[in-house]
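FYI, in the working numbering the residues of the sequence shown are 3 to 1127.
Since the hints were derived computationally from the structure, they do not count as laboratory data.
Mixed in with the good hints, there may be bad ones.
Said to hold, decoys possible - List of simulated lysine to any residue pairs, SDA-like, C-alpha gap at most 20 Å:
1) Lys858 / Val1032
2) Lys983 / Gln784
3) Lys858 / Thr895
4) Lys695 / Ala652
5) Lys374 / Gly313
6) Lys236 / Thr188
7) Lys380 / Tyr416
8) Lys1024 / Ala940
9) Lys236 / Thr291
10) Lys695 / Ala727
11) Lys553 / Thr661
12) Lys107 / Phe8
13) Lys420 / Leu432
14) Lys463 / Asn650
15) Lys389 / Gln439
16) Lys380 / Leu370
17) Lys632 / Thr661
18) Lys236 / Thr249
19) Lys393 / Thr407
20) Lys277 / Thr215
21) Lys953 / Ala940
22) Lys58 / Ile85
23) Lys380 / Ala417
24) Lys846 / Leu872
25) Lys879 / Ser857
26) Lys410 / Phe384
27) Lys410 / Gly313
28) Lys260 / Gly313
29) Lys310 / Thr196
30) Lys393 / Ala473
31) Lys389 / Glu400
As the list claims (entries may be wrong) - Cβ-Cβ distance ranges computed for the label pairs, FRET-style:
32) Ser539 / Thr497: 26 to 32 Å
33) Ala686 / Ala136: 43 to 49 Å
34) Met54 / Met3: 29 to 35 Å
Cβ atoms here follow ideal geometry from the backbone N, Cα and C, with glycine treated the same way.
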Amino acid sequence: MASTSFLQQAYLAYFGRPADAAGLLTFANASEASVIASFSASAESQQFFGSMDTFKQINTIYKNLFNREAEPAGLNHWAGKIISGEVTLAAAAMEILKNAQNSDKLAVTNKLAASSAFTAAIDTTAEIIGYSGAAAIAPARAYLAAVTSDAATLTAATAAAALDASVTSVVSAGSSSMGQTLSLTTGADNIMGTTSNDTFTARVVQNNNGEQTNQMATGDQINGGAGTDTLSAKIIAASALNQGPVTAIAPETVAVEKVSFTALTTAASTGNNEKMVEVNAKFMNGLSTISSVQSDASLLVTNVNTLKDDGLYANKRLTESLTVRMDHSGNDAVIAESDMAVLIDNDYLLRGNGTATAALTVALSPQLEVSKGYDSAKPLQFNPFDKLSFKIDGVSYEITIGTGTANKPVTTTYADLKAAIQAGLTAKGLTDVVLTQNIGAYTYYSRDGVQRTADTFTFAKAGSILTSQGAGAWIASSGLPDDNSFGATVITADTVTTKSQITVNVELEKVGRGSDGGDLTIGGMATDGNNKWDFSSSKTLEEGVEKFNVKVSGDATQFSSLASLQSTNNTLQTVVVTSASGSKADLVIGNHNTEGDITNALKDVRDFDASAFANNVTLNAHVSDESVAKYMKLKDESTDAPAKDNANFAYNFGAGNDTLNLNISKANLATAGGTTTREDFSMAIGAGAGNDKVTVQIGDGKGVVTDAWFINSNLNRNLSINAGAGDDTVSAKGAGTWTIAAGEGADTVYSDNTGKKAVWVLNTADQTGDSAAAIAAIATAQAAYDTALAAHLAIAGNTVATFTALPGTAALVTAISAPLTPVFERTLQNLVSDNNDQLLKLFKATATVDYQGFSKAVTIDSTNYLTSDLQINQAIKKAINSDAVLSKLLLATDGPANTLVITSLVDGTQVDTTAGADLTVTIASAKATEFSDVELAALITAGYVAAGSSKADVVTAINTAANAVNGPNADYAAKFAHNGKDAVYSGSNSANATFNIIEGAAGNDVIVTGTGTDSKDVVVYKNLFDKDAVDTIVNFDATKDMVSFLGYGLKAWSVDNTGGADVQSGTYAGLVAGDKYVLLTESTTNDGSYVATVYTDNGAAADTEVGVIGTLDFGVEQVFTSFNV
3 MASTSFLQQA YLAYFGRPAD AAGLLTFANA SEASVIASFS ASAESQQFFG SMDTFKQINT
63 IYKNLFNREA EPAGLNHWAG KIISGEVTLA AAAMEILKNA QNSDKLAVTN KLAASSAFTA
123 AIDTTAEIIG YSGAAAIAPA RAYLAAVTSD AATLTAATAA AALDASVTSV VSAGSSSMGQ
183 TLSLTTGADN IMGTTSNDTF TARVVQNNNG EQTNQMATGD QINGGAGTDT LSAKIIAASA
243 LNQGPVTAIA PETVAVEKVS FTALTTAAST GNNEKMVEVN AKFMNGLSTI SSVQSDASLL
303 VTNVNTLKDD GLYANKRLTE SLTVRMDHSG NDAVIAESDM AVLIDNDYLL RGNGTATAAL
363 TVALSPQLEV SKGYDSAKPL QFNPFDKLSF KIDGVSYEIT IGTGTANKPV TTTYADLKAA
423 IQAGLTAKGL TDVVLTQNIG AYTYYSRDGV QRTADTFTFA KAGSILTSQG AGAWIASSGL
483 PDDNSFGATV ITADTVTTKS QITVNVELEK VGRGSDGGDL TIGGMATDGN NKWDFSSSKT
543 LEEGVEKFNV KVSGDATQFS SLASLQSTNN TLQTVVVTSA SGSKADLVIG NHNTEGDITN
603 ALKDVRDFDA SAFANNVTLN AHVSDESVAK YMKLKDESTD APAKDNANFA YNFGAGNDTL
663 NLNISKANLA TAGGTTTRED FSMAIGAGAG NDKVTVQIGD GKGVVTDAWF INSNLNRNLS
723 INAGAGDDTV SAKGAGTWTI AAGEGADTVY SDNTGKKAVW VLNTADQTGD SAAAIAAIAT
783 AQAAYDTALA AHLAIAGNTV ATFTALPGTA ALVTAISAPL TPVFERTLQN LVSDNNDQLL
843 KLFKATATVD YQGFSKAVTI DSTNYLTSDL QINQAIKKAI NSDAVLSKLL LATDGPANTL
903 VITSLVDGTQ VDTTAGADLT VTIASAKATE FSDVELAALI TAGYVAAGSS KADVVTAINT
963 AANAVNGPNA DYAAKFAHNG KDAVYSGSNS ANATFNIIEG AAGNDVIVTG TGTDSKDVVV
1023 YKNLFDKDAV DTIVNFDATK DMVSFLGYGL KAWSVDNTGG ADVQSGTYAG LVAGDKYVLL
1083 TESTTNDGSY VATVYTDNGA AADTEVGVIG TLDFGVEQVF TSFNV
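Construct the entire structure; sequences and hints are all you get.
Dropping the structure here:
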């Protein structure tokens, strides 16, 4: 049994405070093990330790016990035991206490004595109740924290006056937070709360007439008083007797800061509950949080205000004082999902003060004549300026802009000048000032009348105004020479005031209850509910909320799934997503309940920032044609800096495994002044770390090179994706001009990929029928039928009926249908299986799947040395679905009975004839050396070969059996599936154009280029050396696509080790000593695989290897030219 002494130790070790009366009573008859288990699962434990990692938890225990940090050895020791599951945190805390030595043991002894004194002093009813309050915990911990190994601290803490003061302080803190729980009735309530944190509850009850009714009703009055008060009400839609008039539920509350509604459905459990439960919050003053908790029905809260308790409009709060919480709301498993809409009185859509900013731009312009020594390679030669002075928000600063130990003026290049300016800012502590180099931005004339350009440098600080010091802002410490040839310019930009956004805080926990939840709408009352931009013609009316700060809470099983996240009238611009402390819950925006296309779940949001979110985000979003009017000026008005009125869309994600599905409206892009046709627009996607999936598409994905939007988008290059670290998949579907950085990790990038996908079937009842011949026969028979019918109908009086009755017509009809017979068994929707052959002599044989030059071999399983078709199927599935490359290109699945279906994941016209087949399955024997003597004896017994045969004979026998299985017309000759009518699933090239730039990075990437006639994709490598990396490049067309080695050098060459010559007939013409070039060396054993190596040309001497970029595997041999490399 747990003694009082043990309980005091447990409270000290785990919670860092003295035991309370309730705990002593609760655990008086409990075992010590059950006490430790209870402490681990307690709410106090979750609140105290929940947001900490294991190391912080252990360190906290050490500080509670010993008033010191944990030593590294102890920290690692206990962390290892806890992480492995050997002990719980509570059990570890008790062991740490028991094993205390020296001064640590004295500290524990003193703290336990202080704990006993404190608990004994809690001896009145008020004190017992007060110490049970949550707010008493922190001061109780502070009381023990003051007690150390020094005996004097124990004496001070337990002295009568000091102990009484500590008890009073702790009890007072606990008592102040302990309000009352007050219940509403079905009558007209008028309730006054206390000065503490009160809770007002209301239920749906059955009245004396047997009717279900709300306890919270229109006209109820609640005054919460002081403290933070909560109204928790279960409600159904308001109703009236005898079909009288009905209004929304409209209680009157003052000083009730939090309201929590549980909207209950009145529909039958099998019905479709479309009715909202409406609460009119017009008379609810002082609200800070509005929650829908455990709602089954949809909840609508209208006329929300931001008035304080006094109800004075002059004292209204900003909209950002409001929090909307959606918590465990219902899904659509049985009845309709639970939506939540909070509509704020438009008078209370209030933004904060804007932020004023102004940047400073400086330039040094050399005006020296060429005849007097101007050198364009060193434009800053003779520069005398080494300091710059300026003001930030009126405060003067002076930075040194020098080089070398003596900090002399920079006399070389503008790049060196930038580095010196940055160093000067850092030295002055101005690390929050952002420096930008604007290349060639300043145009001027030199002293000899020649027009030149100089780089300028812009200083900017968020929310600050930078101005010039005036004359003498550029400083030459050594004075200006008499023949000074440098102009020194300082330009202060106009002050720009950025409006703050109308903001609401959003909290989500298990929306949808583990399934698909409903819509969350937070906006203004003036709306038609269609979420379309600019609902009102009023220039002063705020039409909705512009920014949501979303916080997601819950454990790993409590993800939140929203059908949509929106404000009213398409006003939402910014969404910031973060995790609550310790939360493991994911967030999904867009599900089966989303109205229309799933990308409607988030509309025209410019900034989506989940970079600080701790878990996984799934986002379905749409940039519609309304974004032009919403964000962009169709006429650039900022002539000096056009980018000032740009609309830069940015979607950023964090370290989780995130998914983005984004569509940009084609109607938007196709119009003059539409999104990507203007330099005003950019879309930058940052997937962050984690294994992310990014899918983007412009409208319906269709587009050709002559489309205006395509031409302009290609010029602007304003669509970008940075997949970040992790094993990512990026699909740029359809036409587009995306710049895609794959990032580190094993990434997959699909460009366009909207052509038809080929489908093969294996082990059907007829793998021999020629699909192409069958289709041709159909076409021939059909043409003969049509010709005969037309000739017959050309004769007056003839009809289709008379044609059908002709003796020769039946033969034509038979000819039309007869050719289907050989491929009928391969109709994808109605496959006919071959038998499951189970006596195949294929022990230890391998199945090799080859697709367009990329292959994988897998050993086929056997049972008692014999192999079945199903075991072959399993081997093929493993070769495809488990391979790092083939799994990105193909999908193998079981078909009916014993069939196997292989579907291409990449588009393109495929071939299934024996010569040039894109997909082959080859079954072959293992090598003779791979069979043991025991296996040879067993195979002789199994009838593979005759007695006395060798292992080589076994190989011959197995290959003979294999040839019968995978020959040209055998069960495992991959053949296209048929549609049962007039076509085979042979795939097709795309009809779209893509000019995508795809940048490879560290890791083994799979890159699939577009198959459209006008697709010209570029695979880029720059500043990357990863000799072990193998990048697979599929669908590469040397007549259209390119491989670019930016940043490595000037030349690229191809050498075929199978005997072909290099591109320049063995010479590296055009190279100059010191030049870098890239050499592509083809493998002698794997056609189409090239090692890319960077060399430096050393003239007549041997060239120097700089580094290996990696291996590029195209599957088939390429012909590299100056065009495509």
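Evaluated hints:
1. Lys858 / Val1032: 15 Å, holds
2. Lys983 / Gln784: 12 Å, holds
3. Lys858 / Thr895: 17 Å, holds
4. Lys695 / Ala652: With a Cα-Cα distance of about 16 Å, the restraint between Lys695 and Ala652 holds, given a limit of 20 Å.
5. Lys374 / Gly313: 78 Å, violated
6. Lys236 / Thr188: 13 Å, holds
7. Lys380 / Tyr416: 9 Å, holds
8. Lys1024 / Ala940: Not OK: Lys1024 and Ala940 at ~57 Å, beyond 20 Å, violated.
9. Lys236 / Thr291: Measuring from Cα to Cα gives roughly 16 Å; hence the hint holds.
10. Lys695 / Ala727: The given pair, whose Cα atoms are some 12 Å apart, holds under the 20 Å limit.
11. Lys553 / Thr661: 18 Å, holds
12. Lys107 / Phe8: With Cα atoms ~16 Å apart, Lys107 and Phe8 stay inside 20 Å; holds.
13. Lys420 / Leu432: This hinted pair holds, its Cα atoms lying about 15 Å apart.
14. Lys463 / Asn650: The hint holds at about 19 Å.
15. Lys389 / Gln439: 17 Å, holds
16. Lys380 / Leu370: 12 Å, holds
17. Lys632 / Thr661: Distance ~26 Å between Lys632 and Thr661 Cα, so the pair is violated.
18. Lys236 / Thr249: 17 Å, holds
19. Lys393 / Thr407: 27 Å, violated
20. Lys277 / Thr215: 16 Å, holds
21. Lys953 / Ala940: 12 Å, holds
22. Lys58 / Ile85: Satisfied, since the Cα-Cα distance of roughly 13 Å is no more than 20 Å.
23. Lys380 / Ala417: Holds - the C-alpha atoms of Ala417 and Lys380 are around 11 Å apart, at most 20 Å.
24. Lys846 / Leu872: 15 Å, holds
25. Lys879 / Ser857: The given pair, whose Cα atoms are some 13 Å apart, holds under the 20 Å limit.
26. Lys410 / Phe384: 11 Å, holds
27. Lys410 / Gly313: 66 Å, violated
28. Lys260 / Gly313: 17 Å, holds
29. Lys310 / Thr196: Within the cut-off at roughly 18 Å; holds.
30. Lys393 / Ala473: 13 Å, holds
31. Lys389 / Glu400: 7 Å, holds
32. Ser539 / Thr497: 26 to 32 Å: 30 Å, holds
33. Ala686 / Ala136: 43 to 49 Å: Cβ of Ala686 to Cβ of Ala136: about 45 Å, so the range 43 to 49 Å holds.
34. Met54 / Met3: 29 to 35 Å: 31 Å, holds
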